[in-house]
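Once you've looked at the hints, dock chains W and D against the given chain U.
Note that the protein sequences, when read in sequence, are chains U, W and D. In terms of the UniProt record's numbering, the first sequence opens at residue 1 and continues consecutively. In terms of the UniProt record's numbering, the second sequence opens at residue 1 and continues consecutively. In terms of the UniProt record's numbering, the third sequence opens at residue 1 and continues consecutively.
All clues stand as given, with none of them false.
Derived lysine-lysine pairs resembling DSSO-like cross-links, with alpha carbons at most 27 Å apart: (1) D:221 / D:66; (2) D:364 / D:377; (3) D:364 / W:45; (4) W:359 / D:364; (5) W:15 / W:392; (6) D:276 / D:221; (7) W:392 / U:79; (8) W:274 / W:45; (9) W:45 / W:60; (10) W:45 / W:281; (11) U:196 / U:209; (12) W:392 / U:17; (13) D:66 / W:213; (14) W:257 / W:274; (15) W:274 / W:359; (16) U:17 / U:79; (17) D:66 / D:276; (18) D:377 / W:359.
Between beta-carbon pairs, the in silico distance windows are: (19) W:206 / D:289: 16 to 24 Å; (20) W:254 / D:254: 45 to 53 Å; (21) D:239 / W:82: 32 to 40 Å; (22) U:188 / W:394: 30 to 38 Å.
Calculated from the model, a selection of chain W residues having no Cβ within reach of chain U, i.e. all distances over 12 Å: (23) 162; (24) 192; (25) 197; (26) 279; (27) 377.
Derived by calculation from the structure, the hints in this document are not laboratory data. Ideal placement from N, C-alpha and C gives every residue a C-beta, glycine not left out.
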Amino acid sequence: MIKKGIRIEALSKRYGKGDTAVYALKDVNMEVAPGEVVGLIGPSGSGKSTLLKCLGAVIEPTAGRMILGDETIYDDGWKVRDLRALRRDKIGFVFQAPYLIPFLDVTDNVALLPMLAGIANADARSKALELLTALDVQHRASAMPSQLSGGEQQRVAIARGLVNRPPVILADEPTAPLDSERAMAVIRILNDMARKFETAIIVVTHDEKIIPTFKRIYHIRDGVTYEEAGEGRGFE
Amino acid sequence: MISLAGRDIMHAWGKFVFTGVGLGLLIGVTLSMAGIYRGMIDDAKVLLDNSSADLWVVQKDTLGPYAEPSSIYEDTWRSIRGMPGVARAANVTYLTMQVREGQRDVRAMITGITAGEPGTPGWPPYLVAGRQITRGHYEAVADIASGFRLGERLHIRRNHYTVVGLTRRMVSSGGDPMVFIPLKDAQEAQFLKDNDAILQQRRRSAANPAFNKPGSPGLLDAVIASQSSNAYVNAVLVQINAGYGVDEVAESIRRWKRLTVYTRSQMEEILVGKLIATSAKQIGMFLVILSIVSAAIVAFIIYTLTLGKIREIAVLKLIGTRNRTIAAMILQQALALGVIGFVVGKISATLFMAPIFPKYVLLEPLDSVIGFMVVMLICVLSSIIAIRAALKVDPAEAIG
Amino acid sequence: MKKLPIQGRTLAMLAVVIPLLALFIYVGLRSGPLAPVAIMLATVESRAVTPALFGIGTLETRYTYKIGPTFAGRVQRLDVQVGDRVKAGQIFGEMDPVDLDDRVRSQNAAFKRAQAVLREAEARQTYAQTQANRYEKLFTARLTSEDIVTTRREELKIAEAGLSAAHEDLARTHADREGMVAQRNSLRLIAPADGVVAERYADPGTTIVAGQTVVEIIDPKSLWINVRFDQISASGLAKGLPARIVLRSRSGQTSQGRVLRVELKADAVTEEMLAKVVFDALPQPLPPIGELAEVTVDLAALPTMPAIPNAAIRRVGGRVGVWQIVNNDLRFTPVTLGAYDLAGFVQVREGLTSGDQVVIYSEKALTSHSRIDVVEKIPGVQQ
Numbered sequence: 001m002i003k004k005g006i007r008i009e010a011l012s013k014r015y016g017k018g019d020t021a022v023y024a025l026k027d028v029n030m031e032v033a034p035g036e037v038v039g040l041i042g043p044s045g046s047g048k049s050t051l052l053k054c055l056g057a058v059i060e061p062t063a064g065r066m067i068l069g070d071e072t073i074y075d076d077g078w079k080v081r082d083l084r085a086l087r088r089d090k091i092g093f094v095f096q097a098p099y100l101i102p103f104l105d106v107t108d109n110v111a112l113l114p115m116l117a118g119i120a121n122a123d124a125r126s127k128a129l130e131l132l133t134a135l136d137v138q139h140r141a142s143a144m145p146s147q148l149s150g151g152e153q154q155r156v157a158i159a160r161g162l163v164n165r166p167p168v169i170l171a172d173e174p175t176a177p178l179d180s181e182r183a184m185a186v187i188r189i190l191n192d193m194a195r196k197f198e199t200a201i202i203v204v205t206h207d208e209k210i211i212p213t214f215k216r217i218y219h220i221r222d223g224v225t226y227e228e229a230g231e232g233r234g235f236e
Numbered sequence: 001m002i003s004l005a006g007r008d009i010m011h012a013w014g015k016f017v018f019t020g021v022g023l024g025l026l027i028g029v030t031l032s033m034a035g036i037y038r039g040m041i042d043d044a045k046v047l048l049d050n051s052s053a054d055l056w057v058v059q060k061d062t063l064g065p066y067a068e069p070s071s072i073y074e075d076t077w078r079s080i081r082g083m084p085g086v087a088r089a090a091n092v093t094y095l096t097m098q099v100r101e102g103q104r105d106v107r108a109m110i111t112g113i114t115a116g117e118p119g120t121p122g123w124p125p126y127l128v129a130g131r132q133i134t135r136g137h138y139e140a141v142a143d144i145a146s147g148f149r150l151g152e153r154l155h156i157r158r159n160h161y162t163v164v165g166l167t168r169r170m171v172s173s174g175g176d177p178m179v180f181i182p183l184k185d186a187q188e189a190q191f192l193k194d195n196d197a198i199l200q201q202r203r204r205s206a207a208n209p210a211f212n213k214p215g216s217p218g219l220l221d222a223v224i225a226s227q228s229s230n231a232y233v234n235a236v237l238v239q240i241n242a243g244y245g246v247d248e249v250a251e252s253i254r255r256w257k258r259l260t261v262y263t264r265s266q267m268e269e270i271l272v273g274k275l276i277a278t279s280a281k282q283i284g285m286f287l288v289i290l291s292i293v294s295a296a297i298v299a300f301i302i303y304t305l306t307l308g309k310i311r312e313i314a315v316l317k318l319i320g321t322r323n324r325t326i327a328a329m330i331l332q333q334a335l336a337l338g339v340i341g342f343v344v345g346k347i348s349a350t351l352f353m354a355p356i357f358p359k360y361v362l363l364e365p366l367d368s369v370i371g372f373m374v375v376m377l378i379c380v381l382s383s384i385i386a387i388r389a390a391l392k393v394d395p396a397e398a399i400g
Numbered sequence: 001m002k003k004l005p006i007q008g009r010t011l012a013m014l015a016v017v018i019p020l021l022a023l024f025i026y027v028g029l030r031s032g033p034l035a036p037v038a039i040m041l042a043t044v045e046s047r048a049v050t051p052a053l054f055g056i057g058t059l060e061t062r063y064t065y066k067i068g069p070t071f072a073g074r075v076q077r078l079d080v081q082v083g084d085r086v087k088a089g090q091i092f093g094e095m096d097p098v099d100l101d102d103r104v105r106s107q108n109a110a111f112k113r114a115q116a117v118l119r120e121a122e123a124r125q126t127y128a129q130t131q132a133n134r135y136e137k138l139f140t141a142r143l144t145s146e147d148i149v150t151t152r153r154e155e156l157k158i159a160e161a162g163l164s165a166a167h168e169d170l171a172r173t174h175a176d177r178e179g180m181v182a183q184r185n186s187l188r189l190i191a192p193a194d195g196v197v198a199e200r201y202a203d204p205g206t207t208i209v210a211g212q213t214v215v216e217i218i219d220p221k222s223l224w225i226n227v228r229f230d231q232i233s234a235s236g237l238a239k240g241l242p243a244r245i246v247l248r249s250r251s252g253q254t255s256q257g258r259v260l261r262v263e264l265k266a267d268a269v270t271e272e273m274l275a276k277v278v279f280d281a282l283p284q285p286l287p288p289i290g291e292l293a294e295v296t297v298d299l300a301a302l303p304t305m306p307a308i309p310n311a312a313i314r315r316v317g318g319r320v321g322v323w324q325i326v327n328n329d330l331r332f333t334p335v336t337l338g339a340y341d342l343a344g345f346v347q348v349r350e351g352l353t354s355g356d357q358v359v360i361y362s363e364k365a366l367t368s369h370s371r372i373d374v375v376e377k378i379p380g381v382q383q
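Just chain U, same shape as in the assembly (with noise of 0.2 Å):
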């Protein structure tokens, strides 16, 4: 079984050179533990977002290491060639709002990534299955998302960033719409998740409600990361 988990070492993000350089993220450190989750608070431009992107490999850093699982996928510049396959591969994505294709039903929505990587449909779509059924949203399985309701929608977007069993999973503002019943049925879920796929979740979160469940957070100001410990009431 590969290492999950990710770890950040001195990462940094410079917009510009020289005198006018500014640094978005400065010399960042993190490291989040397999089954681990994790939150990351910040106000408005305080880099949050910019670090998410970085740890999404969706832009790039100017400095540091980035090692995911076990394998390090920035020193300096990405080490990794296929971005694409890595994020597909290796990084789960949850978003504020579920994002779900609409054209596609709920189990192709959630099979599309291992279809992507190259996996037999059927196969792809088994695996969705599993896990739409460890989500208990296996009943909807044949039906549009735009039939879903907002909590199930979210249930299958989690679905849909675990298919492909990823180091980790970075979750932005994935309770922002939600009533906070249903925020913290979203949290016990990831929590869940997180101990049963043994991932890494990183839940980037400004809402009050849930930040009490953390173990440990992140807090971001400036580029500037300062870890603490949270109340961690957790789920357990």
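Using the frame of chain U, we list chains W and D on its own:
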């Protein structure tokens, strides 16, 4: 791997088909335009086919009888008939004029056919109803495009003609339906315009002292008689005997009879190359413009469809979909739109547009094939803009 | 029923796409150049073909009298108008005699003078005779001399010669007078036969040249039609054949007639034969001379033979024939044709037998490779 394009189309198939039908109508118009052009050329060709002649003997140095007026003496055919290699020679007259029936009048090409039996050059080679002309006067065979029916009485110049037969696709190079009448009647129709004109002519002759000398009674009558007879025809249609070369016979008639002779290929060149050249170019320009408009519309539709999915595309990219897959999705949609458009276009052009055009619309299968390829090409080209837009989407847009 | 939405959508899409495709295939194959050619069939039937000839002609009269003076002169009076009936010998007009009457009177006077001279000569001769007889008697009685008797005899001879001259002179003046009267009479316009005035070319006062027509008289009972038949379709035209005549002014009304004679000379320029056709009974009221008439001459019915409508006849590769369907394929059968009738039937002498099916109508020109579709009615033909 599932077909993203297919799923997208299935998801919004109503919108998609509706768009396709709209595009289809445009393609239908474009196909009809091409059909009109083909129809014009076909009109010229059927005119030549239907005269069933190998050679056209016309007035010297004219492009007659279709492209230019031509008149030769009506007894010229006899000397042509005697030329070696000539199997049959028949007089013919052509005159485009209004034919009246009741309250209606129809523009038609009156064709005077020499008396004889079916199969004589100039006669309609086939009928769709009724019979061929059997009387030497006052019977007519009309093309169904004229709208005349069997048994109707036509009014051509001074005389009434009974429609005894109907033909199909017997048209002049301008697309006017043909009406076949006996040659002698046609000669008269060509010359004796109307009663009033005849009367005026007589009066003019009577007023001319040279024709109305007191000392020579009967001169005026003779002059008037000679004025009101028409000893001319427009052309002589010639069929040649097997074993003789068309050019060889044509050359000998040219040389010995000092008349202009056209072969089938020369005639086609005159009709297609000279008579309808400008109209053909006109249609060609329309075709080009319509193709450009279609291309622009396809491009616009595909672009709009893609922009509507920009968020999904960003998500797809973020979760690791290859550019190729996304481009293929857009391209497939464009092609599918093109196929629907073409199918609808072909159907609408054939079933709805072609029949309502007053002129003949000939939809050649080869044109359809070319049209299909052009539509596909246009779809590919116009999807390029959409693909470029889709590829420029930053996967980061999906986050925050 | 969670699966329904996608299935329903698929079904709906198929419901649109399948008919569309079916229509497309139909359109591709059943219309345009690839479409089969609609044809109609006819059966060859044995029937008696009654050939007939059709010609047009103008009403003319057999006898037309064009009456005019034999001398140049001026019309003095003209008593008849167009349409007036005239009798044979009727004087209906006169030329201006100018001095002719005076000359007749002068001749009369000369005649009377000649008569007077004759009477005088007779008196002289009687006197001379009497004198001669008296002196002969006196001489016989020797009462006078022979010399005187001789003188008397000479006088008698002179008187007799004078009388003879007077006689001759009288005859001359008589003849002169007669000539003048005859000349006077020729200025009268006299009807040579019973008839109707058809045309009046001059009015009194008009000067006309010798031989110019003043009045045209026709005999309406001698109406006939000068008919022209195209030479190519005039075989069998003969004297005595029955004819049906339709006048242009009375279309729909057929009069019976017959061919009176076929002209020995045909029109070489118009390639027509000429014939005269007369009415069995003259139509009343009389039609105007010069009216156009359509004449159909019925020939004797021919024995029954296979016959086809002339619409079936095609010429392919220089041969006349018909299209037949053999084993679902088109085949061109050359035929030898016989007589035609005006209804469009043609005898088939060789090539077909009764009961054969031939293509009568087709939507397009046929070839042996044409795909065909036998129909009841060619599409697009309005009845």
